[in-house]
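With the sequences and hints as input, model every part of the structure.
Going down the list, the protein sequences come from chains A and B. Residues 1 to 140, numbered by our numbering, are exactly what the first sequence covers, in order. Residues 1 to 140, numbered by our numbering, are exactly what the second sequence covers, in order.
It is possible that some hints are incorrect.
Since the list can't tell identical chains apart, any single copy or any two copies may satisfy a pair.
Said to hold, decoys possible - Quick list of in silico lysine to aspartate or glutamate cross-link-like pairs, EDC-like style, CA-CA up to 16 Å: (1) Lys73 <-> Asp88; (2) Lys73 <-> Asp117; (3) Lys111 <-> Glu28; (4) Lys73 <-> Asp2; (5) Lys25 <-> Glu85; (6) Lys35 <-> Glu115; (7) Lys73 <-> Asp118.
Hints are computed from structural coordinates only; laboratory data are not their basis.
There are 2 protein chains.
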Amino acid sequence: MDTIGHHYVVEAAGCDPEIIGNADKIREIFLEAAKISNMEVKASYFFKFSPTGVSGVVIVAESHISVHTWPEKGYAALDVYTCGEKADPEKAVDYILEKFKAQYAHVSELKRGIEEDDSTFTHTILTWEEKLDRRNGKKA
Amino acid sequence: MDTIGHHYVVEAAGCDPEIIGNADKIREIFLEAAKISNMEVKASYFFKFSPTGVSGVVIVAESHISVHTWPEKGYAALDVYTCGEKADPEKAVDYILEKFKAQYAHVSELKRGIEEDDSTFTHTILTWEEKLDRRNGKKA
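The structure is reproduced here in structure tokens:
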């Protein structure tokens, strides 16, 4: 597989605490996100912290999706990283933010595994912010 | 736990193909990296691709370590992300690069979960490159 990968590093704010505090719900959202964005799931693991917060990882053939949540803050630290052309990681990010009912996202997209002439590898970074209006189930 | 986290996104080049192509060896390196950098391991998963390449994730109480490798290119895409003050993620990165026998690393350190006044969250990014001289087991 090509080394080029797209890694979305997302700070999601204003999320629904009941959703991002529920490991089963996050698992369901992640598995659906993998499915609709054309990723092949290899394994998944979700862990609920005491008293609140969830850590979750789905390993897909094309790389991984992970999240660590702070329900009391409405905050989720989300990563979606895929290699190859088959998967659509941005679609997974959008789906997860929608299901988390996030109001705001600070996103950096890292293009990873860029091979240089001397056999070293670099990444490039593009950062943006999104205000999300979920009242109509659509982005603002 | 505090939302602030340190996430190292690393493109490691010139790695030993036999090491980064061996799922058992990577597991051993990751578990030791977690131990020496004061992380509490919750779960780990390693997957060997056909014909080459390994994906691996260790979920720690403080967040996660993950890697996806291309042994034929000597390339490994490494992430080490921890929250809180207890763990020392940079120590884990240095240990893993040393054990992979990496010759070069392009690194971005993302400081995540920075809370703003309006309850949104952002991250900052610092990028650097390292040439690593492994002949004496030390960095250049």
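Verification of the supplied hints:
For a Cα distance limit of 16 Å, the shortest separation of Lys73 from Asp88 qualifies neither inside one copy, at 29 Å, nor across copies, at 24 Å. In this homomeric assembly, Lys73 and Asp117 come within 16 Å of each other (Cα to Cα) only across copies, at 12 Å, whereas the closest approach inside a single copy is 45 Å. Taking the shortest Cα distances, Lys111 and Glu28 never come within 16 Å of each other, neither inside one copy (27 Å) nor across copies (28 Å). Taking the shortest Cα distances, Lys73 and Asp2 sit within 16 Å of each other only across copies (10 Å), while inside one copy they are farther apart (38 Å).
In this assembly of identical chains, Lys25 and Glu85 lie within 16 Å of each other by CA distance neither inside one copy nor across copies; the values are 28 Å within and 29 Å between. Proximity of Lys35 to Glu115 under the C-alpha cut-off of 16 Å is found in neither arrangement, the shortest distances being 29 Å within a copy and 32 Å between copies. Taking CA atoms no more than 16 Å apart as the test, Lys73 paired with Asp118 passes between copies only; the shortest distance there is 12 Å, against 45 Å inside one copy.
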